[in-house]
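*Asks:* The chain contents come next:
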Amino acid sequence: MSKLNPDFILEFSTDEEFNPNACINCGTCSGLCPIGLDALPRKLSRYIVLGLEDKILEEKESYFQCLLCKLCVENCPTQVNISSNVRTARNYINRKIYKI
Amino acid sequence: MKKDLKQKIGVYICECGGNISDYVDVEKVAKAVENEPGVYLVQTTMFTCSDSAQIEIIEGIKENNLDSMVVASCSPKLHLLTFRDVAKRAGLNQYNYVHANIREQCSWAHSDRTEEATDKAVRLVRAAIAKVRLSESLETIEIEAKNVAAIVGAGVSGLRSAIDLADQGTQVYLIERDHFVGGRTAQWGKLFPTNEDGKELVERLYKQIKERENITVFTGADIQSLDGSVGDFKLGVKISPRHITGACDEETSDQLYKVCPQETDDEFNFGLTKRKAIYKNYKNAYPENPVVDMDLCDKCGECLKVTNSNINLEQEAENITLNVGAILLNTGFDPYEPKDGEFGYKTIDNVITLPQFRRLLDMSNGSLEYNGKSIRDIAYIYCVGSRQPDGENKHCSRYCCTSAIQSALNVKSKYSDVRNFHINRGIRTYGKQETCYVDSTKQGDVYLQFFEKSFPTLEKIGDKTIITLNDALTDNETMEVSADLVVLVTGMVPRKEDTVAGILKVPIGSDKFYNEIHTKLRPVETVIDGIFIAGACQSPKNIRATMASTLSATAKANSLISTGKIELEPIIATIDTNLCEWCGKCDELCSYNAFEKVEIDGKMVAQVNKAICKGCGACAPICEVNAINIIGSSDEEVEVMIDAFVKDVQFIEDHKAKEAEKTVGKTDDTEKLKKALPEIGKKILQSLESEAKSVPEIAADIQHPADDVLYYLMSLRKYGFVKETGEINDDEYYLYELKQ
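Quick note, the sequences are listed as chains A and B, same order.
Following numbering that gives the first Met the number 0, the numbering of the first sequence begins with 0 at its first residue and continues without gaps.
Following numbering that gives the first Met the number 0, the numbering of the second sequence begins with 0 at its first residue and continues without gaps.
Take the hints with a grain of salt, since some may be wrong.
As the list claims (entries may be wrong) - What follows is a list of derived Cβ distance ranges for each label pair:
1. B:412 x A:73: 31 to 37 Å
2. A:35 x B:736: 51 to 57 Å
3. B:362 x A:68: 49 to 55 Å
4. A:64 x B:724: 55 to 61 Å
5. B:425 x A:73: 24 to 30 Å
6. A:68 x B:425: 27 to 33 Å
7. A:35 x B:443: 27 to 33 Å
8. A:73 x B:507: 52 to 58 Å
9. B:430 x A:35: 34 to 40 Å
10. A:73 x B:456: 38 to 44 Å
Hint data in this document are derived by calculation from the structure and do not stem from the laboratory.
Glycine is no exception: its CB is placed at the ideal position from the N, C-alpha and C atoms.
Kindly produce the complete structure, drawing on both the sequences and the hints.
*Replies:* So, in structure tokens, the structure goes:
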């Protein structure tokens, strides 16, 4: 059971480039991901949109496994900046867990 | 009754470019029917419907002085009218022509049994010949039409229709059940995509109505009865009075609302507010005067004390009869009312429907509150009352996704701290409406999706309602959304209190909406001549689609009545008054109400209203004294057809002679066939003269769709005009060349 926290995304980033909301859940990114992330790129965006902090921390390895190859960004039909969003997420995890 | 039998019948048997002749041996059929009584001429043609074949038939009829004709080809649905026209052009009466269907009901249906198919074709053609022998010359029925139309329902659809019909010179009666015009659109607030208020649309249309002298608006009007038929309907209408007899300005109205002690739920605001017994739907509602609700008024007399109120509580309802040529129904829809407990409706106090939310948003000023509590988190649950897996509403209501998202955009632009959660079953913002979905994701709205196998559940905890669902977009993980207000995005359903349909006998479809003749090809006509349907009474529609359908109904009505006369098919039921003894069974059975009871020579008999009868034939077998005959399908005609059909078929076989004939007559035949080719066939041959081509290349060369080209090319191949070269081009298409 997860509780939605719509305010979370504000805490996460206020950068204009940060746009996981534009995702239409088509799954193109997940299909293309060359390393087949445990939590697929689509889900990484989804957790941020829904503000599921527990899930984000649970999947922290996935956020760091990403190669930032941008294959997904190139092919995203709604121009979600997936790699840049992943980096924003890394930044958040660094601050939150690793206290960097 | 002895009829003059037709003596010189022309029979034309179509090959349909192989569609018939591949399975039915048309030459055998021709041979087998040429000695039928009355037959003078039998011909087979490659495409009977082609222009050249039509001309040949016309010339043949004139040359040989034929008196009737039979065409054996495709379904009469396709070409009955074509060949009636041929008969007319040849100087015959168009009803001295009978159509035999040997394609859909013979060659296509029995493509695996060619011999039996040929046998059946012979029988079908013989039956047609037997029928045409008895045929009589008939004239189309011409009736007078009043260039007056009644439009039922004064929502945006009815208002628009009235303006357009009036501009085309028709006298219009606009009949509205409510005391104010505007219907649902007035309740809807700001509309996609321009944010124009529904009330503004209504105002704009109503002002145009006022400018036209040939429109009369009746409000508080209930339809009571309908008599007559197309061109001459008599519509009984009961007009409830407003009880305000003169002008009533705003100031006086405000005073009246103040003094009136009686209060009830305001239907216009879906019960969100209260109204008095003297009321208007909204401040600028039209017509301008308020109205007194006599069901609520107890005649206390307080309002009579207000100066200049012009109130008369004793005004009586009035019954009038409108004589009109056509009736247009624009009666609209009802929003779906959820059942008690459906997604917490009426059991959880902060659950409301989308129409309620739109009224709440429209009326809110400064802060968004419901039941005295301010609202921040709004959850929208989609497809309530639409696309029901178990309920009776299987349809998608088409407007609600856009309407809900538009509301979410409006509420956010009015109150920026609001957060929207869209709990949907797939968003259907089709066409241009997609932009509002994109805008809503940009403003940070969250979308969650559920499937019909697990609906969300609601629970009230403290001030919040918690919605639990399995989100399909996150691997069906269970999510909890906490909301201050839950909006049930309800769809459209047919009107609950619909008295009109019963009185007018409007056909109702299995989805309970009004039914058109053909969903695609005749979307605004009903089976009752002169009654048209438009807008959301036919199926769920947004305003744009409603306008398209109402303008189409307007055009159809105008073309029907504006010339002052209407032509109808003469194939109808007739009564033998010597036999009829009026038992009333035909009247009970007739779905069109075509029968009337009249007195002839001191005895009661049935009479058929020619303008109403459709010639469907349902009444003929029910008549116990056999007094009813359908013109063109009388007992005598049906009997001779059956006799002809069951007669033995013996083919005159002479294979060798036939083969010999084929080789000898080959060149002549080819030339003859070439002449009979349809235009496109000739073009294809021309195009292939220079070089071998593939189907797409021919299509590009002669500028015809490739599927048409393929169809005709295959016929040409079959008849030996072209052959394939055996090669393929770079795009891997077969090449075809002329066969020398």
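*Asks:* Return the numbers of the hints above that this structure violates; sort them in rising order.
*Replies:* Every hint satisfied by this model.
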